[in-house]
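Now for the letters of each chain:
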Amino acid sequence: MNHPTSPGIDPWLREILRCPQCKGELSDVSPGGGPAGSDGAVDAAGAELHCETCLLAYPIENGVPVLLIELAHPIGA
Amino acid sequence: MAFVVAADYDRFMGRYSVPLAVSFADWAGVQPGQRVLDVGCGPGALTARLVEVVGAEQVSAVDPSPPFVAAARERHPGVEVVTAGAERLPHGDGTFDVVLAQLVVHFMTDPVAGLREMGRVTRGGGTVAACVWDLAGGGGPLSLFWRAAHDVDPGAPDESLRPGVREGDLGRLCRDARLDTIVSGSISVTVRHPSFEQWWEPYTLGIGPAGDHVAHLDEAGRTMLRERCRELLPSAPFDVSATAWAVRATS
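Chains as they are written, first to last, in the working numbering: chain A, 1 to 77; chain B, 1001 to 1251.
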């Protein structure tokens, strides 16, 4: 169970987040609707986590992913 | 429920939940090197203990209440705290070594679903652990308050019927959630209160069912309840002991 220590948050902490409905992987989406840059700019206002299977968009509010189905909205709406 | 301000919650329940967290994490077998999840972290009483044992980078936490999530993130930099509920955890199967829920099961809308989800995100052979105050047996930290409330008003609310608060409840819920190797136990904490006022004041902050009850009384009712509590308590300083039922199981 040895993990390399890195400054800041371990990548696994972001990688383990899944869609609460289907448990599928989530993609970072910037406010423009496209994928986030390589810097993973998920903190930008309007950034979301998308589940392409459930077609649900989970908001990121003040840098906090809100992974509640009742607060998600359909992608594109 | 009036679960709003993290600082008020700390003054109300944190005085009991912080020492409980130390014992609960040990009882659950949390050790350095493990990846752990704190389900229903609130403002982070258990999170703090988990950070001490395994380090912030190994701790993840969820809570459905945004003010609590904000408080837990601010207090525990490096811990990934997200807004999510126990019944639908936003993690893949087998992600964690230990998944814990302190003082949460009795607030879950579907405790069996919550425990089943906790088991799902735990690796095979990993540990799921939960604890809930002994509200049915009068062993919770608020039991004297509720006794006084019922003395003054027999129609006052009753927390003793919530899931998990009776001896054996947590084990039954774990069996229904199809967890294995279920071990039940209890954890007690003792907290010293320097004065009656220090004990009483947090009840007036509107936190949880007890705070809601006080908030809905008129001035006369509040005074009557406060004085009944004073009669029932020993003279200050006094100790309040509380017992939580605990369960640990393997996924």
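Careful: at least some of the hints might be erroneous.
[Claimed, not checked] So these bits of chain B aren't anywhere near chain A, every CB distance computed over 12 angstroms:
#	residue
1	1027
2	1037
3	1181
4	1198
5	1212
[Stated by the list, open to error] Chain B stretches covered by chain A per the calculated footprint, using a threshold of three residues with CB under 8 angstroms from any CB of chain A:
#	segment
6	1090 to 1098
7	1215 to 1226
It is worth saying that the hints were derived from the structure and are not from the lab. All residues carry an ideal CB built from backbone N, CA and C; glycine is no exception.
Hint check results:
1. 1027: holds, 21 angstroms
2. 1037: violated, 9 angstroms
3. 1181: holds, 21 angstroms
4. 1198: The claim stands: residue 1198 (chain B) keeps its Cβ more than 12 angstroms from every Cβ of chain A (closest is about 33 angstroms).
5. 1212: holds, 23 angstroms
6. 1090 to 1098: Answer holds; 6 residues pass the 8 angstroms Cβ test.
7. 1215 to 1226: violated (count 0)
This entry does not satisfy hints 2 and 7, going by the numbered hints stated previously.
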